[in-house]
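In the order they appear, the protein sequences are chains A and B. Residue numbers for the first sequence follow this note's numbering, beginning at 1 and rising by one. Residue numbers for the second sequence follow this note's numbering, beginning at 1 and rising by one.
These aren't lab readings, by the way, just hints derived from the structure by calculation. The beta carbon of each residue, even a glycine, is placed where N, CA and C say it ideally should be. Please note: incorrect hints may appear among the correct ones.
Unchecked claim - If you want a taste of the chain B side facing chain A, the calculated C-beta under 8 angstroms gives, among others: (1) R193; (2) T201; (3) W214; (4) R277; (5) V299.
Next come the chains, spelled out residue by residue.
There are 2 protein chains.
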Amino acid sequence: MATATNTTPDRITFDTSPDRYHHWKLAFDGPVATLSMDVQEDAGLSPDYKLKLNSYDLGVDIELADALQRIRFEHPEVHSVVITSLKERIFCAGANIFMLRGSTHAWKVNFCKFTNETRLAIEDASENSGIKFLAALNGICAGGGYELALACDEIILVDDGNSAVSLPETPLLGVLPGTGGLTRVVDKRKVRRDLADVFGTIAEGVRGRRAVEWRLVDAVYPTSQFKERVARRAQELAQMSDRPASGPGITLGPLNAKTSDDAIHYSAVSLEIDRERRVATLTVRAPEADQPTTPEAIVAAGDQYWPLRAFRELDDVLLRLRINEPLIGTVVVKTVGEPAAVLAVDETLLANTDHWLVREIIHFVKRTLKRMDLTSRSFFAMIEPGSCFAGSLFELALAADRSYMLDDPDQPNTIALSGMNGGLLPMSNGLTRLQTRFLGTPERVDEVLGEQEPFDAQAAMDAGLVSFAPDELDWDDEVRLAVEGRAAFSPDALTGMEANLRFAGPETMETKIFGRLTAWQNWIFIRPNAVGEQGALTAYGTQKRPEFDYNRT
Amino acid sequence: MATATNTTPDRITFDTSPDRYHHWKLAFDGPVATLSMDVQEDAGLSPDYKLKLNSYDLGVDIELADALQRIRFEHPEVHSVVITSLKERIFCAGANIFMLRGSTHAWKVNFCKFTNETRLAIEDASENSGIKFLAALNGICAGGGYELALACDEIILVDDGNSAVSLPETPLLGVLPGTGGLTRVVDKRKVRRDLADVFGTIAEGVRGRRAVEWRLVDAVYPTSQFKERVARRAQELAQMSDRPASGPGITLGPLNAKTSDDAIHYSAVSLEIDRERRVATLTVRAPEADQPTTPEAIVAAGDQYWPLRAFRELDDVLLRLRINEPLIGTVVVKTVGEPAAVLAVDETLLANTDHWLVREIIHFVKRTLKRMDLTSRSFFAMIEPGSCFAGSLFELALAADRSYMLDDPDQPNTIALSGMNGGLLPMSNGLTRLQTRFLGTPERVDEVLGEQEPFDAQAAMDAGLVSFAPDELDWDDEVRLAVEGRAAFSPDALTGMEANLRFAGPETMETKIFGRLTAWQNWIFIRPNAVGEQGALTAYGTQKRPEFDYNRT
């Protein structure tokens, strides 16, 4: 199989800011922000491809993700966002095919995962933060371009006789749209499945009135009216917001990660890598200084307020782990510090959920934990004396595939819950991690949440909150064997097993995108009909036509 | 990749009967039937492997599926079924590894699909037919063996210090349990996900009290009590049934398919294959003679009653198509006959839903249509003059990926709905096909169901019931281009696209098994870590240890 690695860049960082953007322009006009795509062909992550026609690679999407965060945190006065393009008659041609073709399988999968998370973050902002999104399609909108539009609340397409929306992946490339397109077409926009089937096989797409009739877009307007209609609708959407009428917001400063070959250190988070064992230790530290307790003081603390700071660092390290450290199969999750300090922060958050910034912080914590759920590494939480798996940090143990808690009467070691475990940090399946854990004994959820005292190891075992509680004689061996054993298994089987066990309970559009759709996409991404020497992805843009093995599977 | 085809048999038939079983014994004792696995090592579908330790191949499962149908139709007096083994200290070792290793990818996928459908049929019988299932695990129960047990209502395991339940696929074979195991562990039995994670990595499994505590089984009993406890519980489960106290049932006779190189003909169904175009035409014929209208007459007609006869034939032909005709990518679906004759049958079925046999027939029709939904071929329904897409047969058009209806005023051509489209034939997602079709306009469902008159092509288009209605001038070209166009696409991309578009709306445990779980399994089944020269599936049973590429994806 042709899986060239030449266009897969070496090390990726996710930290950026508008003054460093290559591909997006972010403009503000009162309650409406405009996010305009203007991809620089020569500024891709690799020199091996050119980002023509507003096609994108991971670098473009990192900027988009950053812009979305900044609108949420830095611009509370923004109530609606127009996503459009600065290129004439082209909105976006989707993910760059030459980038995909030159990428390893793992890169493709991670690229799609990140872009999916970014589009879900758009929907999260719409649903939970009072920011409505309007896709203003001023030209051709293909593949990932249309999938970006699908993530918005509404889609307006210019009716110029040429501009169309399309998902040409199946007819042109022999793969699926990788960013939720098929799911959102039938599940979000509720396009009839037979029409979706037709749409998914027409490379040139659908335009004009038919695009409206098929529910693919909400409206079409002639070029002469397009800008004015978009502006008017953006103002209307902005009216629906419950965000503050004005700022100030806070500034998201750089994360200042200190990296070495085998470690990444931030202020509250660190990742230490044991390459020989293929294990990393992820440590999150509780706040050490007093934290603000009023919204005003939280705004003043800004990005240095502990939960925002710690979870921004956690988010960043998870992304780096995924992309830059594919050989690290197991992550040992630890916490260090005073449980009381974490619980005090939780109390402040819970007391101020109606403040815009607190709301943003809580949703950011939620999204970061979802990122952990979706990270295809084995997470083992180690609950030891000196740790602070309490409240929102206990979610790390709940997100882990297993947890081990040292049971040694001589060394106090407890976990604790808070209101933050009660509903503000749902998983992609719409349930809390406690609800998902206790699907078989749902009465347990309220029982454990009602417990005022911390749980020692025995109480935690009795309550079903941890997996194992070895004593001090067994601890070292049991933990070592578990971690070593994990490292010996097939990484693919572990990825599949975890993807199935982590999401018990209901499926949502979100879990469907990462479960059903992504799993099929991953399958297709390694089939010779896509990536073989004569596969469609390989043949695209060459003179050759793809040759398929027509056996149906 | 090592995908030897030597152990993939040539042509498979699905028609069998108890007197021809090699691997199962079916015994009756009043309201309790016992289905005992006793696999003949040398009676596999291929001589290339031996079915040791009650391991199974497709042939074993075809008998199981047949036995389940016969219990439903031939033995209405059966109210509970014990599934056990006649081998000493071995219940079932799961799917035969050497069979899997020697199979093509497509064979593995089809094998898993069929075995999944069979296990779901067990759950369907429990939920809808008043037959409860008790897995009596008299010994080692591994992999697919445990997955069979998971499909039962209750699981009793012998507590002999040795017998355990296990899902050793990940630790031993580098693949996933392929028959719903992971999903059922967390979603049906609601095993805590961390315990499921541990369970899924312990090759030797879990036994005794721990198996009960982890919810993996419902009870364990020492060998001395095992048989008596199983018998007692089977009697208790039988009490819960609403089936008749006694027979007679009906006899499911052989289907008598007439096959040639390019066709399969039954009494009401035919499949004609155009190998060059990779297209098959599937035709279902309406009843030609008068059909019974009372339960007594339906019992007397038995397997010759049209809906049972036609859908048994349809079920059989879909299975043969999947397994024996992998190169046929597109199926043109036609019907022939009097719509009124189909609607009259629907009326009889609807008027007698409380009769046990009518209930069985309706559920059989439902399962067959689900089989069509899950068949990875493109279905295009062609609605032409002389067709009878009415009521239950209109479900074939709704199950198709698209439908084309000739609009020619000179040739009357109509479709019609009946109460059978209203709720008795749900898809795997729990919705009817009409509800799924009209997710975006749910009010349409009742509107179209309330329409008393048949729909001509224009009315059908207006109502959203068909995809296209070309006139007589365009028909030939439009249909030909659609079918030819479909045949040119990557079969893998089509499989993935259809699997995502067909199941809009809610996900259920059933759709999860075919969506999330199966898609991941298919991915893993073609990864070198499983099937490469040094993959775990390849290495199993040899002296070699697997060697993995430890990059996580």
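Status of the hints after comparison with the structure:
no. : hint : result
1   : R193 : 5 angstroms, holds
2   : T201 : 7 angstroms, holds
3   : W214 : 10 angstroms, violated
4   : R277 : 11 angstroms, violated
5   : V299 : 38 angstroms, violated
Against the hints set out earlier in the document, violations occur for numbers 3, 4 and 5.
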